[in-house]
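Number of protein chains: 2
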Amino acid sequence: MTRNDLFQLIRKKRSFLCIGLDSDLKKLPQHLLESEDPVFEFNRQIIDATHELVIAYKPNLAFYESLGTQGWESLEKTIAYLKQYDVFTIADAKRGDIGNTSSLYARAFFDHLDFDAVTVAPYMGIDSVSPFLEYQNKWVILLALTSNKGAFDFQLIRNKDNDNPLFEEVLAKSRTWGSADNTMYVVGATKAEMLEDVRKIVPDHFLLVPGIGAQGGSLAEVVKYGLNKQCGLIVNSSRGIIFASHEKNFAEIATEKARELQKEMESMLIHHKLLT
Amino acid sequence: MTRNDLFQLIRKKRSFLCIGLDSDLKKLPQHLLESEDPVFEFNRQIIDATHELVIAYKPNLAFYESLGTQGWESLEKTIAYLKQYDVFTIADAKRGDIGNTSSLYARAFFDHLDFDAVTVAPYMGIDSVSPFLEYQNKWVILLALTSNKGAFDFQLIRNKDNDNPLFEEVLAKSRTWGSADNTMYVVGATKAEMLEDVRKIVPDHFLLVPGIGAQGGSLAEVVKYGLNKQCGLIVNSSRGIIFASHEKNFAEIATEKARELQKEMESMLIHHKLLT
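If you're matching them up, the sequences are chains R and Y in order. Position 55 (the first sequence) corresponds to 54 in numbering that gives the first Met the number 0; numbering is contiguous. Position 234 (the second sequence) corresponds to 233 in numbering that gives the first Met the number 0; numbering is contiguous.
Errors might be hidden in some of the hints.
Each pair may be met inside one copy or between any two copies, as identical chains are not told apart.
As the list claims (entries may be wrong) - Derived DSSO-like pairs: lysine-lysine, alpha-carbon spacing no greater than 30 angstroms straight-line: (1) Lys-228 to Lys-11; (2) Lys-159 to Lys-172; (3) Lys-148 to Lys-172; (4) Lys-82 to Lys-25; (5) Lys-247 to Lys-228; (6) Lys-159 to Lys-199; (7) Lys-262 to Lys-272; (8) Lys-26 to Lys-76; (9) Lys-25 to Lys-137; (10) Lys-148 to Lys-159; (11) Lys-11 to Lys-199; (12) Lys-272 to Lys-26; (13) Lys-199 to Lys-148; (14) Lys-247 to Lys-137; (15) Lys-76 to Lys-25.
Read the hints as simulated data drawn from the structure, not as lab findings.
Throw the hints in and build the complete structure from the sequences for me.
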């Protein structure tokens with residue numbers, strides 16, 4: 000999917016919502032535990048109930064790996080199931096290793112699983128990232144400023160040479176490794192006012208924004224500081240949608256929660272003249 | 000395995016060698032491709048041929064994930080197979096995410112797969128690391144100064160408040176999250192002279208040192224700058240041992256290569272009076 004395809008998808012769906020499939024077996028509605036593959040069954044019902052309202056799904060790899068081979072099978076079935084819908088798929092994996100190893104991760108997520116995008120941690124620098132950039136029509140989503148409290152430990156350390164915080168160094172350096180057509184950045188909604196600084200460095204890149212809902216970030220703030228002329232935002236909600244109910248009607252409640260966010264997003268897109 | 004157990008293992012094996020099981024299906028000896036699970040069969044033969052010479056094995060997750068469910072099965076069989084030997088097991092996974100997600104990765108590697116240790120990237124700070132530290136007798140191995148060229152992109156950026164490079168900030172901050180009894184650090188052999196600075200900050204911690212062999216680091220330099228009173232080093236070699244031969248005698252050649260390193264290590268341990 001190209002950058003323009005993504006913008007057209009946002010216009011068509013009137014939404015820039017991504018649903019995080021953090022499908023923890025221990026939190027699934029009880030009645031699903033009897034099915035053969037509860038995690039896939041849960042994902043399937045969430046996807047069927049929400050695909051018209053969202054542009055992307057983001058399975059979080061930890062939740063699948065914690066179940067071993069069985070979890071990996073649920074993931075493979077989920078990504079195959081998503082292919083029938085017009086959505087962008089993100090492997091939230093936060094990988095990154097020396098070059099020959101990152102090449103194998105790229106093979107895992109882009110060839111084997113056929114995701115559109117994968118999240119990558121920048122700590123190991125250029126050769127840990129570039130193998131992912133060699134794929135046509137695939138995306139690296141690099142961690143810049145994350146939504147958790149630990150973001151303050153290292154991401155805001157200022158470089159003595161230019162006074163820039165580390166996350167800005169990540170943006171400035173890595174934007175030259177790829178381009179706005181194959182690189183996105185994670186910027187947490189919990190630090191929305193910093194999106195203004197982010198946009199000075201990467202005005203055209205798409206940003207993946209976690210942290211609204213359970214983590215407390217504000218959608219209005221994210222849009223105020225982060226929107227660009229192609230929207231440029233993919234805003235994620237996980238627990239706030241998929242675990243809004245643990246009852247038999249969980250999928251219905253997920254639709255309601257997703258629609259609330261989609262409606263907010265639609266009016267913001269109209270307000271900013273990206274939709275009529 | 001406790002820190003002292005690890006030191007006793009080093010004394011017993013007269014070695015501080017770790018073999019990286021970077022078992023790329025595309026590089027396996029041809030004749031193994033006929034077996035039912037070539038990756039496991041390769042690992043099994045390498046392990047049988049080398050376990051007396053090494054203290055640890057380090058499967059690199061990328062090589063298993065690139066094969067999907069089948070790869071995950073090979074990994075599960077490998078770790079189960081390793082249980083019969085007296086060795087330390089490291090999941091080279093370089094994970095790290097927000098707290099609730101890191102908890103799931105800890106569940107995957109410590110509960111489900113029962114590894115002794117997992118490598119973690121520090122970019123997301125304290126709450127991405129601490130869930131791994133809650134397990135008894137398990138270890139986090141945090142990236143500090145890696146062996147690749149991309150290490151220069153961010154790890155050496157100096158903090159304007161104290162002039163410390165980022166990797167030293169990682170050491171100084173994270174050593175208070177856990178202790179030398181549950182935390183180790185990755186420091187690449189390709190930057191061995193910097194081990195002197197590392198040892199000023201973490202004199203007692205074990206260090207996992209990749210980069211000798213294929214990546215060009217020197218064992219003598221690593222020992223010169225990195226050894227402490229309990230050895231404090233786990234030195235990894237991957238391709239230089241496991242892919243030293245691609246012929247039918249690959250396991251025999253792996254034994255030879257591992258023995259060369261073990262012999263060097265033994266004489267260094269004797270020289271430094273950690274062995275008689």
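Evaluated hints:
In this homomeric assembly, Lys-228 and Lys-11 come within 30 angstroms of each other (Cα to Cα) only inside a single copy, at 16 angstroms, whereas the closest approach across copies is 65 angstroms. Taking the shortest Cα distances, Lys-159 and Lys-172 sit within 30 angstroms of each other both inside one copy (16 angstroms) and across copies (19 angstroms). Taking identical chains as interchangeable, the C-alpha atoms of Lys-148 and Lys-172 lie at most 30 angstroms apart whether they share a chain (24 angstroms) or sit on different chains (14 angstroms). For the identical chains of this complex, Lys-82 and Lys-25 are neighbours both inside a copy (27 angstroms) and across copies (28 angstroms), given an alpha-carbon limit of 30 angstroms.
Neither within a single protomer nor between protomers do Lys-247 and Lys-228 lie at most 30 angstroms apart by alpha-carbon distance, with minima of 41 angstroms and 60 angstroms respectively. For the identical chains of this complex, Lys-159 and Lys-199 are neighbours both inside a copy (20 angstroms) and across copies (22 angstroms), given an alpha-carbon limit of 30 angstroms. Taking identical chains as interchangeable, the C-alpha atoms of Lys-262 and Lys-272 lie at most 30 angstroms apart only when both belong to the same chain, with a minimum of 15 angstroms there against 71 angstroms between chains. In this assembly of identical chains, Lys-26 and Lys-76 lie within 30 angstroms of each other by CA distance both inside one copy and across copies; the values are 20 angstroms within and 28 angstroms between.
With identical chains, the CA atoms of Lys-25 and Lys-137 are at most 30 angstroms apart between copies only, with a shortest distance of 23 angstroms across copies and 32 angstroms within one. Taking the closest pair of Cα atoms, Lys-148 and Lys-159 come within 30 angstroms of each other both inside a single copy (23 angstroms) and across two copies (22 angstroms). In this assembly of identical chains, Lys-11 and Lys-199 lie within 30 angstroms of each other by CA distance solely inside one copy; the values are 28 angstroms within and 58 angstroms between copies. Taking the shortest alpha-carbon separations for Lys-272 and Lys-26, neither the intra-copy value of 40 angstroms nor the inter-copy value of 54 angstroms comes in at or below 30 angstroms.
In this assembly of identical chains, Lys-199 and Lys-148 lie within 30 angstroms of each other by CA distance both inside one copy and across copies; the values are 24 angstroms within and 28 angstroms between. In this assembly of identical chains, Lys-247 and Lys-137 lie within 30 angstroms of each other by CA distance neither inside one copy nor across copies; the values are 37 angstroms within and 39 angstroms between. In this assembly of identical chains, Lys-76 and Lys-25 lie within 30 angstroms of each other by CA distance both inside one copy and across copies; the values are 19 angstroms within and 25 angstroms between.
Comparing the model with each earlier hint shows violations of hints 5, 12, 14; every other hint is respected.
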